[in-house]
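Colleague: Please build the complete structure, drawing on both the sequences and the hints.
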Amino acid sequence: MSQKTLEYSYLGIFILLTLGAFWILDWLYGGIIAFAVFVPYGFSLVWVMGKLRKPYYEMMRKRFNK
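If you read the sequence shown in our numbering, its first letter stands for residue 84, the second for the next number, and so on.
Some hints could be false.
Distance condition first, Cα-Cα at most 25 Å in a straight line; then the derived DSS-like pairs of lysine-lysine [said to hold, decoys possible]:
(1) Lys145 / Lys134
(2) Lys134 / Lys87
(3) Lys145 / Lys87
Don't read these hints as lab results, they were simulated from the structure.
Modeller: What follows is the structure, given as structure tokens:
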């Protein structure tokens, strides 16, 4: 397994853990707090994934175009 694959799997685990934490917060305190935290988190996550995906695709394209 390459270093990049490990990074992506750690990112996936991190996302699952944070989603679990938000679900527990939502269950304990009701939807308003969790929603107020989750919306900016979701947007920033999408932005980070977009930033990561472009170099990842370029790397894959170079690998397959050999």
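Colleague: Just to be careful, I want the Cα atoms of Lys145 and Lys87 compared with a cutoff of 25 Å; is the pair within it?
Modeller: holds (15 Å)
Colleague: Does the alpha-carbon distance linking Lys145 and Lys134 stay inside the 25 Å limit?
Modeller: holds (18 Å)
Colleague: Is Lys134 within 25 Å of Lys87, Cα to Cα?
Modeller: OK: Lys134 and Lys87 at ~14 Å, within 25 Å.
The structure shown violates none of the earlier numbered hints.
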